[in-house]
Amino acid sequence: MVSKATFAYCDYRIYQMLWKWARRRHPNKGAQWVRKRYFTQQGTRNGVFADSLWTLATMSDIRIIRHVKIQGQRSPHRPSDQEYFEARLQQLQLKRLSDAQKNAVQKTHGRCVLCSHPISAEHFRRWQINRENPFLFVRMARDTTDPLVVVHRWCYERYRSTSDQDTLPLKGELTPSLEALDGWVD
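Each residue of the sequence shown is one higher than the one before, starting from 1 at the first, in full-length UniProt numbering.
Keep in mind that the hints were calculated from the coordinates and are not lab data.
If you're wondering where the values come from, they're calculated on a predicted model, not measured in any experiment.
Mixed in with the good hints, there may be bad ones.
As the list claims (entries may be wrong) - As a list, the in silico DMTMM-like pairs of lysine to aspartate or glutamate whose alpha-carbon atoms are at most 20 angstroms apart:
(1) 69 <-> 83
(2) 4 <-> 61
(3) 102 <-> 51
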């Protein structure tokens, strides 16, 4: 059985359990009343367990990421294969990003817009393990068409400490103090 079918079956079983719970909780009420009380329609889905603030997440919404096997006799311990594993890890991390985040990474070619240094696979690895990402997706100035860009966390903190703005300036409008910071990032 593939994971999509398994997730759909889990959603089905959760729905059955919720329906039985709701009917058991209100034994003197009809099925239509119970359905209107606990289940709503959201988009194209009927029978979504929700109230005015919260919606129960469904397992079928979980993104399925297929495992990619390592090519041939490659080894992460061999220095000649280091570049392959860097690229492989970066591709795996890109799959975990949302479409807007993925576009921001690809638009900047994986480089920080403040310091122009690459966001390396090591940064992706740290982001995955700690969940305190060493890079951020931040908004540019409001009047730009592509508002989401990638910056290192330390670059953004450095920028915020020298500026009072919440958003980054448009391209070409970086403050001279930031442009003069060449070399403070390793």
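How the hints compare with the structure:
Restraint check for residue 69 and residue 83: satisfied, since their Cα atoms lie roughly 16 angstroms apart, inside the 20 angstroms limit. Between residue 4 and residue 61 the alpha-carbon distance is near 9 angstroms, which keeps this suggested pair within the 20 angstroms criterion. A distance of roughly 32 angstroms separates the Cα atoms of residue 102 and residue 51; the hinted pair therefore is violated under the 20 angstroms criterion.
When each numbered hint is compared with the structure, a violation occurs for hint 3 only.
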